[in-house]
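Undergrad: Position chain B against the provided structure of chain A, taking the given hints into account.
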Amino acid sequence: MLKLVHGNKNDPRLEPWEEAETSVRETVTISQAAWPAPFRPGLEYNSPAHGPWNIVHIGMLVPESHQIYVCGGNCNRGVVLTAAEMDAGDRYSFLSLTEGDLYGQDMEGLVIDGVTEIIGRLTKVGKRPRLLFLFLVCVHHFMGTDIPYIYRVLRDRFPDICLVESYMDPIVQKGGITPDEKLRAGLYEGLVITDKSGRDRTAVNIVGNDFPTPRESQLVTLINRAGCQVRDLTSCRTWEDYQKMGDSFLNISIYPLARSGAGKLSDKMGVNHLHLPVVFDYDKIDQELLQLARALDTEPYSQDELAGFRARCETMLEETRDLLGGMPLALDVSLTPGILGLTRLLLDHGFKVKHLYGDAFAPEEEEDFLWLKDHAPWLPVTSMIHHNMRTYPRFDEERVLALGQKAAYFHQTPYFVNMVEGGGFHGYDGICRLLALMQEACREKKDTRDLVGRKGLGCPSCLC
Amino acid sequence: MIDETYKKENMGQDRPAGAGPDFEVSDQARRQAHAFLSNYTSDVSGVCSALYELGGMVVMHDPSGCNSTYNTHDEPRWYDKDSLIFISGLSQIDAIMGNDDKLIDDIVRAARDLKPAFIALVRTPIPMMTGTDFDAIARIVELETGIPTWYFPTSGMNSYIIGAGTALEKVASCLVEEKAAGPAKAGKEEIDPAKVGREEIDPSRAGKEEIDSSRAGREDDEAWGSGRQPGQFLSASGPFRVNLLGLTPLDFSVGSGRASLLAWLRDHGFIVQSVFAMGDGEAGDLRRQIGSAGLAHASLVVSSVGLPAARVLEKRFGIPYVTGLPCGQFGPELLRALTEACMTGSSGKSLFAGQENGSVSGSERKFIIGEPVEALSLARAADLAGGRDWQVICPLELDRDLESCDCLQISSEADLMEILKEGDRIVADPIYRRICPERAEFISWPHEAYSGRIYRRQIPDLLSDFWSRLL
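Each protein sequence line maps, in turn, to chains A and B. First residue of the first sequence: -11, per our numbering; consecutive thereafter. First residue of the second sequence: 4, per our numbering; consecutive thereafter.
If you are wondering where the hints come from, they were derived from the structure by calculation, not from laboratory data. Among these hints, one or two may not hold up.
What the hints assert, rightly or not - A short list of chain A residues far from chain B (calculated; beta carbon distances all over 10 Å):
#, residue
1, M131
2, F199
3, R309
4, P351
5, K434
Said to hold, decoys possible - Computed footprint of chain B on chain A; a stretch qualifies when at least three of its residues, placed anywhere within it, have a C-beta under 8 Å from a C-beta of chain B:
#, segment
6, 27 to 40
7, 56 to 66
8, 78 to 86
9, 437 to 447
The C-beta atom is built at its ideal place from N, Cα and C for all residues, glycine as well.
This is chain A alone, in the form it adopts within the complex (with noise of 0.2 Å):
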């Protein structure tokens, strides 16, 4: 998606409304918005909403794995700190470069001798890592560095540490894959894939997210009564648990800066790849589930068993709305994925969605968006990142449910879902989940300032 916010996308094929003009100024209304960024690029405001994840939560989801980063102090202290923060200060090393080896001679020998000198640290102290990313950053990619070789000659030195190419290199994201996406394909590089024989057709892979599936939902409740169990990441203890899951004989993902890597991983182990993105529409995750079942092999869920999800969305739709009882909903792209899809839900059932908050939206969401435009022209798309937005009056006269750190922020509401990434949630069961997250935050006031200004939610939090 961040390749999008900077307007370096380059797509031949242009409906109508989609030439609009992107905005110069922070809010436009969605009839008037361009697709599928809003906004036109400039100068950026970071707001000091930092719960989603960046890549050094992802990387420490692997167990006994390691990170080392080669970059300049201020590029380090942004990852140095996240991983001090998460109480995994002991799992993060570094290289720092000074100005001199951007111009020397041989940098290839510094990253290999830099990181040679780490191993032999850590494994003095008994910590030699199983699986070791190393970072290489921007300066690498304009110096030419020879990153093959690096790679090469390490792994020779160190043929019992898987070595994961690993890049923080923001630099390139806006025209091509991000550092988020490229690490969440590492993740599963140092899994020892088995031959197709070996394949343990009991269990499925969850690849590419952060949270758990709840084992309630539709998705994982359909693996289980296919008699297989779900590996996933997050839910990994041990090295061991980690490399079954290089047995599996599917891999789902959701989340979609995990496609990419989770179609390389499936095509490495030879076995089928369902996406089966965060939708909030119920035809569509009717279809999914189909989708499922079909790749399992087994009885879809039945028609009755599918107008009980839905009846159970409707009802707990109808109980949240009288709750609210007219408070307005701000809603911000960090909340979910499927963010037009849920402002679509929300506005089709009689919620009071105030604003919407988002530099640009998945190109999945393009039916939304057009839904959206038809149905709710009148609704306010507020940039995050807009420079106006560091004097944006942070205030609302009126009781705001945010859905959302950085909305919950933008209208310093104590009223807020603070859920980042679609929270693991999916299908119904997502549905009702994040209904009863917005109950639980329209009755219960949360300490904004102090929740949004965590880093990587869910993950440990050293800060008091």
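TA: Then chain B, alone, in the frame of chain A:
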């Protein structure tokens, strides 16, 4: 992509703990490798921190991440106090093709919306590598907006000492008004000996003897350090006015440190002319206050980042400066030096020069790791109270004024591990505990510029009795 056969044969095999490296590495790599430690706030964030409250607009020419790093880990004011600090969102293609027009247009557009008092362009690694002509960009922006535009040649590879120091130096050069030049420029002439004891200076409180540096502090340190009333040390035109330089949250966080320093000055009869650069009100107020810094009699430099600004004020207005933090019994010594500077118009000798710490006359090895002015002040306070032999270690760049001090400059983890393994008592940020011997007594001294916000609530006010823990 890793070969599967290779992985099956090799990876995940247990390796005995304690096995050392099998390969020789270069000394450079050894020094730059950090297996366990953190790193200090960089020059980029240092500029932002120093300029935060002055009403300007700071633009880090960076793809992504610099602003998030800064506002999360280096800037405790971000949530409560708005400041116009942005990144440019530099893309790979623009970096390669040199699309400076986009940067200029974006800055001009934002400046027209936000109307900052000044604009600061801050360099990051990629623009440094590609040789972006920031001087030209700054000139164009200034012409198009009519707003003073500065450029800071940071690289993201030096510490905040360089960044914040350079920024405050710029503030002293550009925001302090020439017309404000006042008494310090007149120097000693301001003090008319004939008036001492007669008019502005109350003879019962501030006689000639107090100007006598040969006496002061030797016989009656207590008298210099406490019990004085406001207005005690007077110039011909009233109490002495002092600039407080080097006050940023990176070294003082947002606890009581700032208030304690201001109170200390006021309690000893000084008027605080300006604070570089943390205030307690609107940005415009602090900027106006700083604009009048030339009226001060002297400057008190409380961290390294204030030293370049102090030199500028000395050069521009003849304002002398004294360096140190009034910790414990070092307070009277500092007070005496500051008063003398006000009276004589001369900076005099550094209070830390020639001071020998950690010469190991005793059996204990004691180390203080941190920002040098703070660490040297603590060591001095301990020394004066009988807690001798603290060796100051500075993992940061040392300002030239501090080069003659007894301070070991060590930034390499390997070298720190080597020296600290002998340590019996160590005062440092809690993250350093990872490389300290278990047997050593570790005194936690959290530093915002090192561990960020993690231990913010435990950051001590150095004017409190924290120094006594070194005894």
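Undergrad: Okay, which hints does this one fail, numbers in order?
TA: 1
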